[in-house]
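Student: In case you want the letters, here they are:
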Amino acid sequence: MSHALIQIRNLSKRFHTPSGTVHAVDDVSFDIPRGSITGLVGESGSGKTTLGRTLLRLVEPSGGQIRFDGTDITSLPNAKMRDMRRRMQIIFQDPMSSLNPRLKVGDLIAEGLRAYGIGNRAERRDRVAALLDEVGLSADHMDRYPHAFSGGQRQRIGIARALALEPEFIVADESVSALDVSIQAQVLNLLLDLREKRNLTMLFIAHDLSVVNYLCDQVAVLYLGRLMEIGPAGAIHKTPAHPYTRALNSAIPLPDPRAARDRTPLQGDIPSQLNPPSGCVFRTRCPHAAPICAAGSPGAHPVGPDHQSYCKRTEKLYGHDVAAAHT
Amino acid sequence: MAAASTAMAPPSFRNLLFQRPAAVVALVVFVLIVAACFLLPMLGLTEIGGMSVRKRLTPPGAEYWLGADAFGRDVLGRLLVAGQTSLGIGLGVAVISSAVGILIGLVAGFFRRLDTPLSRVIDAMMAFPDILLALSLVAIFGGTMMNVILALSVVYAPRIARIVRASTLVIRELPYVEAARALGTRTPTIMVTHVLRNIMSPILVQATFIFAYAMLAEAGLSFLGVGVDPRTPTWGIMVNEGRQYIDTAFFLILFPGAAIALSVLSLQIVGDGLRDALDPRLAKET
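First to last, the sequence lines map onto chains A and B.
If you want this note's numbering, it's the position in the first sequence, counting the first as 1, plus 12.
If you want this note's numbering, it's the position in the second sequence, counting the first as 1, plus 181.
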């Protein structure tokens with residue numbers, strides 16, 4: 013098998029603030045296979061947005077490596093990086109503030125084409141019309157301003173803009189969180205269609221595990237900037253091998269309120285990133301924390317095919333569950 | 182808050198402006214002043230006339246509507262020609278200080294490393310009293326119209342720069358700027374299409390005020406005798422000349438003084454109206 017499109021190795025991002033250093037992303041490594049949708053989940057402040065930005069070098073990483081299609085992009089000079097940028101794009105959370113209110117929709121979508129000097133005016137207009145059509149809007153919308161559109165339509169404009177340069181990789185940063193549930197489903201299906209048609213690779217950042225389960229092939233769980241668990245979406249959903257993933261899963265609302273389920277709600281707040289707990293950063297809120305969790309960071313523990321848990325006690329806690337699932 | 186307002190629909194500010202009758206009246210007054218100053222002398226409807234000892238200090242009447250000055254010249258004709266210089270200086274200062282201020286403000290707001298040095302220079306310049314700084318600059322470089330414009334632009338550019346810098350700092354962090362960077366748009370293009378376009382309204386409002394301040398400052402400089410060459414009439418120079426005859430021919434300072442007051446006042450009201458129209462947060466309840 014050829015290498016994954018994106019390979020992340022020991023990636024870190026530190027922010028220096030007056031009150032100390034924040035480790036927004038700390039020593040994260042995983043692969044995003046070509047043509048797959050990888051979900052990145054975590055609470056607010058878990059560093060998932062920073063990680064997504066870092067992959068496009070919209071935020072400069074402090075350490076580690078990102079390889080895009082085999083090329084290490086962390087050390088690329090800006091001019092070379094600009095050539096790479098065409099191949100990767102981002103769709104934002106807020107469909108209003110991510111569109112310049114003073115530009116017409118046609119100019120918004122054509123921005124990337126203009127930046128790279130692709131086509132002349134007429135060709136760009138044709139291209140924009142085709143893109144609008146592809147995301148379910150009409151070519152007549154080109155000469156209107158973004159405020160004339162609903163949230164879902166604006167998100168479609170954002171998607172069309174990201175697709176204009178025909179990228180291979182898209183980071184969707186909470187791209188449906190700001191939308192109504194019914195609109196969410198439409199936009200999610202649009203993303204799935206586009207993935208199919210254009211063979212896109214996506215990193216889908218979300219805090220909602222049910223959306224991620226619907227959409228993704230692989231799921232990575234982030235907590236306080238550290239990876240907690242990564243694995244195939246099915247395994248993460250059915251046999252999660254990390255106490256944090258279990259807690260997140262148990263927070264998904266079910267359609268049947270009487271359904272029996274084991275709930276392990278998390279106590280307390282996410283700790284300060286200025287002063288994260290020693291050892292496993294989750295131990296202060298973990299229902300299964302033991303003395304060994306405080307000593308040294310938990311390495312990757314393989315629990316299944318392409319499935320790793322960053323919990324020292326994973327074998328003891330979930331070994332039988334996971335084993336049962338594989339037999 | 183700031184993010185919300187910049188994300189707002191571009192206001193159709195013609196509608197908003199015309200909901201404010203005071204601003205419209207002020208705009209009409211100002212346009213009339215400009216038109217009178219530039220059109221009437223050009224059409225030959227007024228003339229300054231030669232000097233005439235017999236007619237000196239004639240009070241306003243049928244022959245000279247606004248009277249004649251100490252040399253027997255028509256005050257009305259001079260007033261209009263002087264207005265061309267005064268208005269020209271105001272406009273020149275508004276345009277040049279805006280251009281310079283936009284450039285400095287965008288650079289200070291966009292490039293963090295340059296922000297501190299530029300901001301300190303701006304602060305230092307704003308700490309000088311306006312008229313004193315302009316006065317020294319004109320005294321050093323000489324009193325030509327261009328030097329007065331440049332000196333006053335140096336005085337007022339920091340005001341624009343400050344506004345531009347503050348707005349740039351807000352807009353720079355908005356997702357659409359990040360999107361532009363992800364799309365490969367180069368920094369100068371981002372600064373113009375994404376930042377400048379979204380802060381044109383506060384700049385326009387401030388430029389209107391600077392137009393008015395500059396006319397006042399020019400009058401002050403001329404009155405103090407360090408403005409443009411006294412052979413070029415401006416309203417300030419006319420007030421200065423009339424000062425000597427204040428007890429015998431009051432009208433000599435009345436009319437140029439009124440011209441200054443009327444144009445500055447109307448510009449300020451237009452500026453206020455523009456600010457209200459362009460900033461929905463200040464919108465009046467109707």
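Since the hints were derived computationally from the structure, they do not count as laboratory data.
Incorrect hints may have been included.
To be verified - Residues on chain A that point at chain B, a partial pick, calculated with CB under 10 Å:
(1) 97
(2) 100
(3) 101
(4) 112
(5) 115
(6) 127
(7) 170
(8) 173
(9) 226
(10) 286
(11) 324
(12) 327
Idealized CB from N, CA, C, for every residue including glycine.
Student: Any CB of chain B closer than 10 Å to the CB of residue 127 of chain A?
Tutor: Check passed: Cβ of residue 127 of chain A comes within 4 Å of chain B, closer than 10 Å.
Student: Using Cβ atoms only, decide whether residue 101 of chain A comes closer than 10 Å to chain B, and label the hint accordingly.
Tutor: Holds, about 6 Å.
Student: Does residue 324 of chain A hold up as a contact with chain B if the rule is Cβ-Cβ below 10 Å?
Tutor: violated, 38 Å
Student: Using Cβ atoms only, decide whether residue 97 of chain A comes closer than 10 Å to chain B, and label the hint accordingly.
Tutor: Check passed: Cβ of residue 97 of chain A comes within 5 Å of chain B, closer than 10 Å.
Student: When the nearest CB of chain B is found for residue 170 of chain A, is that gap smaller than 10 Å?
Tutor: It holds, given that the least Cβ distance between residue 170 of chain A and chain B is near 8 Å, below 10 Å.
Student: For the hint on residue 226 of chain A, just tell me whether its beta-carbon gets within less than 10 Å of chain B.
Tutor: At 25 Å from the nearest chain B Cβ, residue 226 of chain A fails the 10 Å test, so the hint is violated.
Student: Would the hint on residue 100 of chain A stand, with a C-beta cut-off of 10 Å toward chain B?
Tutor: Nearest chain B Cβ about 8 Å off; hint holds.
Student: Once the shortest beta carbon distance from residue 112 of chain A to chain B is found, is it less than 10 Å?
Tutor: Check passed: Cβ of residue 112 of chain A comes within 5 Å of chain B, closer than 10 Å.
Student: Residue 115 of chain A was flagged as interface toward chain B. Is the shortest Cβ-Cβ separation under 10 Å?
Tutor: holds, 7 Å
Student: Once the shortest beta carbon distance from residue 327 of chain A to chain B is found, is it less than 10 Å?
Tutor: Constraint on residue 327 of chain A not satisfied, violated at 41 Å.
Student: When the nearest CB of chain B is found for residue 173 of chain A, is that gap smaller than 10 Å?
Tutor: holds, 7 Å
Student: Regarding the hint that residue 286 of chain A lies at the interface with chain B, is the smallest CB-CB distance below 10 Å?
Tutor: violated, 22 Å
Hint violations for this structure: numbers 9, 10, 11 and 12, all remaining hints satisfied.
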